[in-house]
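**Q** Residues per chain, in single letters:
Protein chains: 2
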Amino acid sequence: MTKVSGFVEWLPEQRIVELQWLDEIRRTFESYGFCSIETPAVEEIEVLLAKGETDKEIYIIKRLQGEGDKSDARLGLHYDLTVPLARYVAEHYNDLVFPFKRYQIQRVWRGERPQEGRYREFYQCDIDVINNNTIPLHFDAEMPAIVYEIFKRLGIESFQMHINNRKVLEGYFKGLGIEDTIPVIRIVDKLDKIGHGGVLTQLQEQVGMESELAERCLAIGSICTPDLSFVERVRALGVQSELLEQGLDELQFVMNELRNLPSGVILADLAIARGFDYYTGTVYEGKLAEFPALGTICSGGRYEDLTGSFISRKLPGVGISIGLTRLFAKLVAEKKIQPGPKSPTQVLVIFPDDERRAEAVQTASILRERGLNVELYPTPIKQAQQLRYASRKGIPYAWFLPYAEKGHEVKNLLSGEQQAADPTTWRPSPAR
Amino acid sequence: MTKVSGFVEWLPEQRIVELQWLDEIRRTFESYGFCSIETPAVEEIEVLLAKGETDKEIYIIKRLQGEGDKSDARLGLHYDLTVPLARYVAEHYNDLVFPFKRYQIQRVWRGERPQEGRYREFYQCDIDVINNNTIPLHFDAEMPAIVYEIFKRLGIESFQMHINNRKVLEGYFKGLGIEDTIPVIRIVDKLDKIGHGGVLTQLQEQVGMESELAERCLAIGSICTPDLSFVERVRALGVQSELLEQGLDELQFVMNELRNLPSGVILADLAIARGFDYYTGTVYEGKLAEFPALGTICSGGRYEDLTGSFISRKLPGVGISIGLTRLFAKLVAEKKIQPGPKSPTQVLVIFPDDERRAEAVQTASILRERGLNVELYPTPIKQAQQLRYASRKGIPYAWFLPYAEKGHEVKNLLSGEQQAADPTTWRPSPAR
Numbered sequence: 173m174t175k176v177s178g179f180v181e182w183l184p185e186q187r188i189v190e191l192q193w194l195d196e197i198r199r200t201f202e203s204y205g206f207c208s209i210e211t212p213a214v215e216e217i218e219v220l221l222a223k224g225e226t227d228k229e230i231y232i233i234k235r236l237q238g239e240g241d242k243s244d245a246r247l248g249l250h251y252d253l254t255v256p257l258a259r260y261v262a263e264h265y266n267d268l269v270f271p272f273k274r275y276q277i278q279r280v281w282r283g284e285r286p287q288e289g290r291y292r293e294f295y296q297c298d299i300d301v302i303n304n305n306t307i308p309l310h311f312d313a314e315m316p317a318i319v320y321e322i323f324k325r326l327g328i329e330s331f332q333m334h335i336n337n338r339k340v341l342e343g344y345f346k347g348l349g350i351e352d353t354i355p356v357i358r359i360v361d362k363l364d365k366i367g368h369g370g371v372l373t374q375l376q377e378q379v380g381m382e383s384e385l386a387e388r389c390l391a392i393g394s395i396c397t398p399d400l401s402f403v404e405r406v407r408a409l410g411v412q413s414e415l416l417e418q419g420l421d422e423l424q425f426v427m428n429e430l431r432n433l434p435s436g437v438i439l440a441d442l443a444i445a446r447g448f449d450y451y452t453g454t455v456y457e458g459k460l461a462e463f464p465a466l467g468t469i470c471s472g473g474r475y476e477d478l479t480g481s482f483i484s485r486k487l488p489g490v491g492i493s494i495g496l497t498r499l500f501a502k503l504v505a506e507k508k509i510q511p512g513p514k515s516p517t518q519v520l521v522i523f524p525d526d527e528r529r530a531e532a533v534q535t536a537s538i539l540r541e542r543g544l545n546v547e548l549y550p551t552p553i554k555q556a557q558q559l560r561y562a563s564r565k566g567i568p569y570a571w572f573l574p575y576a577e578k579g580h581e582v583k584n585l586l587s588g589e590q591q592a593a594d595p596t597t598w599r600p601s602p603a604r
Numbered sequence: 173m174t175k176v177s178g179f180v181e182w183l184p185e186q187r188i189v190e191l192q193w194l195d196e197i198r199r200t201f202e203s204y205g206f207c208s209i210e211t212p213a214v215e216e217i218e219v220l221l222a223k224g225e226t227d228k229e230i231y232i233i234k235r236l237q238g239e240g241d242k243s244d245a246r247l248g249l250h251y252d253l254t255v256p257l258a259r260y261v262a263e264h265y266n267d268l269v270f271p272f273k274r275y276q277i278q279r280v281w282r283g284e285r286p287q288e289g290r291y292r293e294f295y296q297c298d299i300d301v302i303n304n305n306t307i308p309l310h311f312d313a314e315m316p317a318i319v320y321e322i323f324k325r326l327g328i329e330s331f332q333m334h335i336n337n338r339k340v341l342e343g344y345f346k347g348l349g350i351e352d353t354i355p356v357i358r359i360v361d362k363l364d365k366i367g368h369g370g371v372l373t374q375l376q377e378q379v380g381m382e383s384e385l386a387e388r389c390l391a392i393g394s395i396c397t398p399d400l401s402f403v404e405r406v407r408a409l410g411v412q413s414e415l416l417e418q419g420l421d422e423l424q425f426v427m428n429e430l431r432n433l434p435s436g437v438i439l440a441d442l443a444i445a446r447g448f449d450y451y452t453g454t455v456y457e458g459k460l461a462e463f464p465a466l467g468t469i470c471s472g473g474r475y476e477d478l479t480g481s482f483i484s485r486k487l488p489g490v491g492i493s494i495g496l497t498r499l500f501a502k503l504v505a506e507k508k509i510q511p512g513p514k515s516p517t518q519v520l521v522i523f524p525d526d527e528r529r530a531e532a533v534q535t536a537s538i539l540r541e542r543g544l545n546v547e548l549y550p551t552p553i554k555q556a557q558q559l560r561y562a563s564r565k566g567i568p569y570a571w572f573l574p575y576a577e578k579g580h581e582v583k584n585l586l587s588g589e590q591q592a593a594d595p596t597t598w599r600p601s602p603a604r
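Chain order of the listed sequences is B and L. Position one of the first sequence corresponds to residue 173 (this note's numbering), numbered consecutively onward. Position one of the second sequence corresponds to residue 173 (this note's numbering), numbered consecutively onward.
Excised from the complex, chain B in its bound form (with noise of 0.2 angstroms):
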């Protein structure tokens, strides 16, 4: 009897590193005004197909005894927290105050068939800012500063996001003349997947473009700068219209706006356009340098109406989501993340006798209420197996009750060091 394949979970060890980084998460996400949100894992079908989204694999849930009642409402599991935002905000919109900015990190399922890197069940962790009528520009630039933030404090070095503008593609491929752009767009945006003769072979047989107007399609999805240069290089390619122009504006309004990020961070590439979703304007993709097999690890995008399907009130947003459990199992099999102790328990009391259990006891508890974590060995078993225990959990100290002439002492089981110390005052030294 094991977990399903498909499914991942964690020793003691590599736990306590994914709640330090859903901390971390959660802190800076507050730290910029997110409030939290969570939403049953379970929707209605109708609700997860409202978009018309299929390529998803969803799953089904039913009661196991009994036929199931016919009246039940078909229900699915939540594949992202995307629609269940908008179903939240069209449910409570009378009881949110707007703009509305919400943070959510919660599982979600997919039914994928198990293949390395793909998870059945993963971690999504979502900011997204939504307002009635308008959502000025600039939040499209913080999302990736705080995904940015987020990923220096987890030491995550070769972070890389790349930003475009729907209304780029849209607006360079119209001004080619090209009247159904989707299918043009969803193929350059596979450039770093199929390379530049993959490109264009599937302009050419899938679209029926000729070889020429497919080497101007391609031109701009090969554009990828660090600054603002992508303008100069797009209006080299001398084809011209509104909606280009507008993109353009508005995705160096960003790349300006994200100027001060360390150089390389942020990339303009006008190849991604986040397949068919339902993104209008700008679009992200983070990716590791380090990892380029690992492929997407966050992205979102700017859209018009987050809530269309269900309500008559135009709703327009930005946001981003971090896939958390791919990338941290990715780290986690490269070596990258080192195990945490097996126990937050930063001091073991050494259970001397029992005589002194009642002692041992007060004694934790003292430490306990000034906000350590202390446990005490269950038995009173010889000094050097509690000490053993403690090593094997990675606890870091171990503290000695009063016996004969001395009085309370604590030893530092990294260094060695063992001193007097005062339960009522005693501190561990900051430097673990």
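A portion of the hints provided could be inaccurate.
Identical copies go unnamed one by one, so any copy, or any two together, can satisfy a pair.
Stated by the list, open to error - Result set (SDA-like, lysine to any residue): computed pairs, CA atoms no more than 25 angstroms apart in a straight line:
#: 1; residue 1: K175; residue 2: N266
#: 2; residue 1: K508; residue 2: L433
#: 3; residue 1: K583; residue 2: P550
#: 4; residue 1: K223; residue 2: V176
Think of the hints as simulated: they come from the structure by calculation, not from any bench.
Given the coordinates of chain B, work out where chain L should sit on it, guided by the hints.
**A** Structure of chain L alone, referenced to chain B:
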């Protein structure tokens, strides 16, 4: 399109309190040295049914699209955290250090018919201590002490923990010459629901007991004392058996360990037995004296063998589980929980005009680096409207950039007090 009935979701102002609760519970668990684990929401049905439990309504999951791979295991959502713990310990046995002390705070799912106070998805907050072969009895006392500490921190005053030991009931009934004690225990366990008359009737009708014997069975179940006097009251019933003596000794030890908690919090309640569960010694049921109809809000006990159905090792343990959602929902409904602010933001930086956005962003950033939650109003609308936004979201401070001869100023929106402030040193008043 609304959320599915039987599922609960909170507005931001309630969720912020739920998060504080979850933090407090986690912090307390960690302070006693319990490590965090999480298991997948999904287990094989065979795992979920391994202990033969069928009274919990299990949700099965299937892929919506495609025919479903015939080789796929039958999968279901976990309905508690104990079965996944058993599977986890069996699967990772060689990587864990024993005694293994884990906490687990996750949602679980049950296909209940929607009704008041019953949810199909809810948080459970579990701790368990598991060891090879033996676990000292003082852990049986630590569990209620930890839960009491949590409820005290959460400001829940009417909490009462009812404690019994299954050996007391079983030993007593055996001492009365009853061979099949299970149905008798089961009926006496229902005392708080069906009353004395109900217990007598069911003992006579369902087990075919003589009225005199039924009265003697009821007599032990009626004993409920806040101190050690239950021992004398049991002895006064004149029944003897070795198992009864052992049970009384154990319960007496546990009650004695908890003697320093405020009077009335801990009750030796000889009726409770946790139904058909796999508990073998101490059992717990926590309730709110204020809301008896709410029923059990936490429960647990000691078991001889956690993983018996998965590996051939004897792993006894003791644990307790808080059913958070039902408790939280009840206290929200009864207005015992006041809504928090609609946002974690502590300071709203007023956005004076477009020219000064960079300056406002920088001020926000300085405050944020110092650990504060800060946002800018999105657009430079009238100050009064920006302040109204802060007040509607429950943001306690508004920050004003230097203007004319004035420097930075901060306004406490509750007191109305406004004063000069330096963004590199200012702190909100600790009163909040």
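**Q** Is it within a copy, between copies, both, or neither that the alpha carbon of K508 lies no farther than 25 angstroms from that of L433?
**A** within (24 angstroms within a copy, 47 angstroms between copies)
**Q** My question is about K583 and P550: at a cut-off of 25 angstroms on alpha-carbon distance, are they close within one copy, between copies, both, or neither?
**A** within (19 angstroms within a copy, 53 angstroms between copies)
**Q** Within, between, both or neither: how does the pair K175, N266 come out at a Cα-Cα threshold of 25 angstroms?
**A** between (43 angstroms within a copy, 16 angstroms between copies)
**Q** Can you give me the call for K223 and V176, within, between, both or neither, at a CA distance of at most 25 angstroms?
**A** Answer is between; shortest inter-copy Cα gap is 18 angstroms, intra-copy 30 angstroms.
Against the hints set out earlier in the document, no violation occurs for any number.
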